[in-house]
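Chains A and B, in that order, give the protein sequences.
No gaps in the numbering here: position 42 of the first sequence is 42 in this note's numbering, and each next residue is one more.
No gaps in the numbering here: position 255 of the second sequence is 255 in this note's numbering, and each next residue is one more.
Calculated directly from the structure, the hints in this document are not laboratory data.
From the three backbone atoms N, C-alpha and C, an ideal C-beta is built for every residue, glycine too.
Certain hints may be false.
Distance condition first, Cα-Cα at most 30 Å in a straight line; then the derived DSS-like pairs of lysine-lysine [as the list claims (entries may be wrong)]: (1) A/Lys161 with B/Lys284; (2) B/Lys162 with B/Lys146; (3) A/Lys136 with A/Lys161; (4) B/Lys2 with A/Lys136; (5) A/Lys140 with B/Lys3.
Listed next, the stretches of chain A that the computed footprint assigns to chain B, with coverage defined by at least 3 CB atoms under 8 Å from CB atoms of chain B [unchecked claim]: (6) 54-63; (7) 74-81; (8) 167-179.
Listed below are the residues making up each chain.
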Amino acid sequence: MKTLLETIGLRKTYKVGKIDVEALRGVSLRVREGELTAVMGPSGCGKSSLMHILGAMTKPTAGKVLIEGSDIGTMNDAELTSVRRERVGFVFQKFNLLPTLTARQNIDVARYIHGATKAHDAYLAEILQLLMIEDKMGRKPSELSGGEQQRVAIARALSCKPAILLADEPTGSLDTRNSEIVLNMFRELNRKFRQTIILVTHNPELVTYTDRLVEMRDGLVVSDNDPWATESELERQPARSV
Amino acid sequence: MKKQMIVAGLRARPVRTAVSVMAVALEVTLIVVIIGMVTGILTEKAARQMGMGAELTVQPSNSSMLMELSGNTMSVKLADQMRQIPGVKAVVPIQLQINTDGAVETVFGMDPDSWNAVTGGFTWHSGRMFAAPDEIVVDNVWAGSKRAKVGDTVSLLNHNFKVVGIVEQGKGARVYMSMEGASAFTGQTDHVGIFYVKLNNPESVKTVKKAIEQRLPDTRVTDVNDLVTLLTSVGNIPGLNAFINGVTFVPLSIGVLVIFLSMYTTITERTREIGILRSLGASKGFIVGLIFQEAAFISLLGVIFGIGTSFLLQRILTTIFPTLIVDITMAWIAKASVFAIISGIIGSFYPSLKAASQDPVEALAYE
Numbered sequence: 001m002k003t004l005l006e007t008i009g010l011r012k013t014y015k016v017g018k019i020d021v022e023a024l025r026g027v028s029l030r031v032r033e034g035e036l037t038a039v040m041g042p043s044g045c046g047k048s049s050l051m052h053i054l055g056a057m058t059k060p061t062a063g064k065v066l067i068e069g070s071d072i073g074t075m076n077d078a079e080l081t082s083v084r085r086e087r088v089g090f091v092f093q094k095f096n097l098l099p100t101l102t103a104r105q106n107i108d109v110a111r112y113i114h115g116a117t118k119a120h121d122a123y124l125a126e127i128l129q130l131l132m133i134e135d136k137m138g139r140k141p142s143e144l145s146g147g148e149q150q151r152v153a154i155a156r157a158l159s160c161k162p163a164i165l166l167a168d169e170p171t172g173s174l175d176t177r178n179s180e181i182v183l184n185m186f187r188e189l190n191r192k193f194r195q196t197i198i199l200v201t202h203n204p205e206l207v208t209y210t211d212r213l214v215e216m217r218d219g220l221v222v223s224d225n226d227p228w229a230t231e232s233e234l235e236r237q238p239a240r241s242v
Numbered sequence: 001m002k003k004q005m006i007v008a009g010l011r012a013r014p015v016r017t018a019v020s021v022m023a024v025a026l027e028v029t030l031i032v033v034i035i036g037m038v039t040g041i042l043t044e045k046a047a048r049q050m051g052m053g054a055e056l057t058v059q060p061s062n063s064s065m066l067m068e069l070s071g072n073t074m075s076v077k078l079a080d081q082m083r084q085i086p087g088v089k090a091v092v093p094i095q096l097q098i099n100t101d102g103a104v105e106t107v108f109g110m111d112p113d114s115w116n117a118v119t120g121g122f123t124w125h126s127g128r129m130f131a132a133p134d135e136i137v138v139d140n141v142w143a144g145s146k147r148a149k150v151g152d153t154v155s156l157l158n159h160n161f162k163v164v165g166i167v168e169q170g171k172g173a174r175v176y177m178s179m180e181g182a183s184a185f186t187g188q189t190d191h192v193g194i195f196y197v198k199l200n201n202p203e204s205v206k207t208v209k210k211a212i213e214q215r216l217p218d219t220r221v222t223d224v225n226d227l228v229t230l231l232t233s234v235g236n237i238p239g240l241n242a243f244i245n246g247v248t249f250v251p252l253s254i255g256v257l258v259i260f261l262s263m264y265t266t267i268t269e270r271t272r273e274i275g276i277l278r279s280l281g282a283s284k285g286f287i288v289g290l291i292f293q294e295a296a297f298i299s300l301l302g303v304i305f306g307i308g309t310s311f312l313l314q315r316i317l318t319t320i321f322p323t324l325i326v327d328i329t330m331a332w333i334a335k336a337s338v339f340a341i342i343s344g345i346i347g348s349f350y351p352s353l354k355a356a357s358q359d360p361v362e363a364l365a366y367e
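If we strip away everything but chain A, and leave its shape as in the complex, we get (with noise of 0.2 Å):
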C-alpha cells in the first residue's frame, strides 16, 4: 500500500514559562493510504500535538513529516496552509464549526478556501447522504444536535476530498449513541472511499471501528498493531520510538 504519510524521529518541545515541555520525543510512524489508524493514549501523552503536527498546523522541533512525500518540517506559512488546504481535513471534539453560518455555508466556505470544482459536487453529494444530513443544510450549528454537528463537520472536512482526515477526539461532546453513529460512519467513510483516517482519542471503544491501534505514552508511541508492517518494520517496534 502507498505510504501516505510519514514521520521520522519526531519531536516537539513547547514552552510553558521557563519551563521547556517536551509533548513529542522521537515519534516514528508510516500511514498508509486507506488506512484508518487509532492513536490512543492518556491526556498529556502528546497525541493532539502529534495531530497539530500531521496536520500543518504547526512544524516539529525536529525530526521529519513527510505527506506525500513532502516535509512539512522545511516548509513555510503559506507552504503549511496549502497543506491544510489542499491535502488535509480536520475534525475536532468542539465541532468548531462558524455559528453565524449554516451547516451549508459553513461547508461552502471549506469549499470556497479550497476553490473546490463542480467536480467535487457529487462527491459532497454522496457524503451528505451517507452522512444523513441533507436535510439540515439550511440550519445554523445551534440548531443541530451534537451529533449532527459533528457530521456537518465531517462533511465539511471532506467535502474537498482531502488525502487525510484527522479526527480529534470526534466523539469526546457526544453521547454514547452519536459516539456510535459517528464512529460508524467514519468506517463507513473510510470502507466506500477508501478515505484515510486518523483518529486520536482516550477512549478505548473508539478502536473497535478501526484497523489499526497506535498507543502512546509520554510523546512516545509504545505500542502499534500496524497490519501492513513489513517484518523489518515489526522488527523495529517498538525501538520506533525513541
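Start from chain A and add chain B according to the hints.
What follows is chain B alone, placed relative to chain A:
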C-alpha cells in the same frame, strides 16, 4: 462566499455593527454639515453681495473682507467725491452694525434714495420703507425666523424697533434701518463702513476702480465679482483652510479609532473562528481581506447613513434656524465618503494583521 460570511458576522453582532455604522455616519455627517455650514454662509453672503447690483465696494484700507468686522471709519462725504468720478452712476453709503441677539447678522443703516439708485430698490412683500429711526425693514427670511409681521415690535441691538416693511431677501443684509437709526448706536452720524458703487457701464469696472483708488488712496476698492469669487472659493480665505482641515481631521480620527476598536474587538471575539478558517487552509491574505472587507462594508453603510443623516440634519437646522444656510455639495459628500472608507481601512489595518498572524493551534484553543 466572503460576502455571506461578512453579512452573517455583522448580523450576529447587531449592536456592534450598529454602533460602528453610526460612528462612521457621524464622521460623514460632521464633515458634510460643518463644511456645508461654512460654505453655505459664504455662498449666501456672496449671493447677497451680488444682489446689491453694484460693481464695486469701497471700504477702509485696513478693513476686513468680512465687512461686519469693519468699523464705520469712512466719512459719508466720500460718496460725493466718488459720484464725481466719470463712469460712476450711483453710490450708497452703508453704516454697518452687528446684531448678536440670537445669531450674528449685519444690519444696514442707509439712505433710501441712494439705496434705490444703486440696488434698484426692494421687492416688497408687504409694508413700506422706514420713515423714523425706530423703524426697520427686514427681509422675508428674517421675518420668517422671528415670526415677525409688519406692525410688530421686535428687539434688535438691545432696542425695540417697529417692523414697517418686509422685502425679498438677497440685498446685502437682512435688516435695514435709516442712517439716523444706525447712528444712534455708533454716535457717529457722518461715518460709514462701506460704499456700494454702481457704474454706468459694468465693462469699465477696472478703469473706475483705478480712478477711485487714485482719488481715495486710504480706501480699499474691491470688484464685487472678485469678492464673490473670494467668498465662494474656500481656499482663498485666510485661515479657513486650516479650519476645514481641522474639521475634517477630527471626525476622520473618530472614524479611525471606532473602526479600530470595533475590528479589534471583533477579532478578539472571533479568535476561534479565525483558527477554524486557518485550519481549513485559509491564507493570511484571506483573513486580512475578510477583515478589510468587513470594515469597508461597515464604512460603506456608515457613508450611506451619514449622507442621509446630513440631509436630515440640514432640514432640521434650517427649519429651526431659517437664516442658516447649510450648503451640502456633491464634492464634499464625495470627499467625506472617501475619508470614511479610508478611515475604515486605516482602522482595520492592525486588527487584520493581528488576526492573520494568529497561530492556528492557539486560536482554536481560545475560549
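So, going through the hints one by one against the coordinates:
Note on A/Lys161 and B/Lys284: the hinted pairing holds, with a Cα-Cα distance of about 23 Å set against a maximum of 30 Å. Distance hint between B/Lys162 and B/Lys146 is fulfilled; the C-alpha atoms sit about 13 Å from each other, no more than 30 Å. A hinted pair counts as satisfied when its Cα atoms are at most 30 Å apart, and A/Lys136 with A/Lys161 qualifies at roughly 21 Å. A threshold of 30 Å between alpha carbons decides the hint, and for B/Lys2 with A/Lys136 the separation of about 22 Å falls inside it, so the pair holds.
Distance hint between A/Lys140 and B/Lys3 is fulfilled; the C-alpha atoms sit about 17 Å from each other, no more than 30 Å. Counting residues of the segment 54-63 of chain A whose CB lies closer than 8 Å to any CB of chain B gives 3, which reaches the minimum of 3, so the coverage claim holds. Restraint check on the segment 74-81 of chain A versus chain B: 3 residues with Cβ-Cβ distances below 8 Å, three needed, restraint holds. With 0 residues having a beta carbon nearer than 8 Å to a beta carbon of chain B, the segment 167-179 of chain A misses the requirement of three or more and the stated coverage is violated.
The structure shown violates just one earlier hint, number 8.
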